[in-house]
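Sequences are here, hints too, so could you generate the full structure?
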Amino acid sequence: MDSASIAPTLHPDATANLFRHTKQLRDELRVRLAEIYHLQAFSIHLVPSVRYGLLALKQWLELTGRRVGLRAGSHYAPIAQLFREPISWKHHACDAWIATHVAPYVGTVSRLYPSGSLLEIVDASHSFATNLHAVLLETANVFVACYVPLYSDFRGAVCLSIK
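Residue 44 in numbering that gives the first Met the number 0 is what sits at position 45 of the sequence shown, and the numbering runs on without skipping anything.
For the record, the hints were derived by calculation from the structure and aren't laboratory data.
Watch out, some of these pointers could steer you wrong.
[Said to hold, decoys possible] Okay, the calculated beta carbon distance ranges per label pair:
hint : residue 1 : residue 2 : range
1    : THR21     : VAL108    : 34 to 42 Å
2    : ALA92     : PHE18     : 21 to 29 Å
3    : LEU24     : ALA128    : 14 to 22 Å
4    : PHE82     : VAL134    : 22 to 30 Å
5    : LEU24     : THR129    : 24 to 32 Å
[To be verified] For lysine to any residue, the following SDA-like pairs were computed, each having C-alpha atoms within a straight-line distance of at most 25 Å:
hint : residue 1 : residue 2
6    : LYS22     : PHE41
7    : LYS57     : ILE78
8    : LYS57     : TYR104
9    : LYS57     : ALA79
10   : LYS22     : TYR36
11   : LYS57     : THR138
12   : LYS57     : ALA71
13   : LYS57     : PHE18
14   : LYS57     : LEU38
Please read all numbers here as calculations on a predicted model, not as lab measurements.
Glycine residues also receive a C-beta, built at the ideal position from the N, C-alpha and C atoms.
In structure tokens, the structure reads:
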């Protein structure tokens, strides 16, 4: 997108660089998220949605030759549609798992596995910034979460955090 395609009301000062300013704001947001939510051990990436973040991670891991499975349990429907069926962890059929920390439809909490085991990508949409936050930070290596309450009504930034 070039600056000519952006509405003039979004950048009234023609000499200012909108893209540089936007990058500065995103960098400031990353710093504040890290401070507020104790994410200093994580690398924070802002993505358009939890679904996009999980899909991007799945695709990237598969491009590097890793097999990505969906851990058995209840998942948000668009995430579950990425897979034909859950792959059993006991058979070591995959190198990484996508796990949902709190089931979106029933509210059950899934146990997260320690960092030393298989790579677990956690959909933390319903546990980030709740009483499960400490467990998430302690256990997860990679998680995707929205930091805005009632995020389905707000199209704000979503953080993808990698330890």
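Verification of the hints:
{"no.": "1", "hint": "THR21 - VAL108: 34 to 42 Å", "in the structure": "holds, 37 Å"}
{"no.": "2", "hint": "ALA92 - PHE18: 21 to 29 Å", "in the structure": "violated, 43 Å"}
{"no.": "3", "hint": "LEU24 - ALA128: 14 to 22 Å", "in the structure": "holds, 21 Å"}
{"no.": "4", "hint": "PHE82 - VAL134: 22 to 30 Å", "in the structure": "holds, 25 Å"}
{"no.": "5", "hint": "LEU24 - THR129: 24 to 32 Å", "in the structure": "holds, 26 Å"}
{"no.": "6", "hint": "LYS22 - PHE41", "in the structure": "holds, 19 Å"}
{"no.": "7", "hint": "LYS57 - ILE78", "in the structure": "holds, 11 Å"}
{"no.": "8", "hint": "LYS57 - TYR104", "in the structure": "holds, 23 Å"}
{"no.": "9", "hint": "LYS57 - ALA79", "in the structure": "holds, 12 Å"}
{"no.": "10", "hint": "LYS22 - TYR36", "in the structure": "holds, 21 Å"}
{"no.": "11", "hint": "LYS57 - THR138", "in the structure": "holds, 20 Å"}
{"no.": "12", "hint": "LYS57 - ALA71", "in the structure": "holds, 16 Å"}
{"no.": "13", "hint": "LYS57 - PHE18", "in the structure": "violated, 28 Å"}
{"no.": "14", "hint": "LYS57 - LEU38", "in the structure": "holds, 22 Å"}
The structure fails hints 2 and 13 (numbered hints given earlier, in ascending order).
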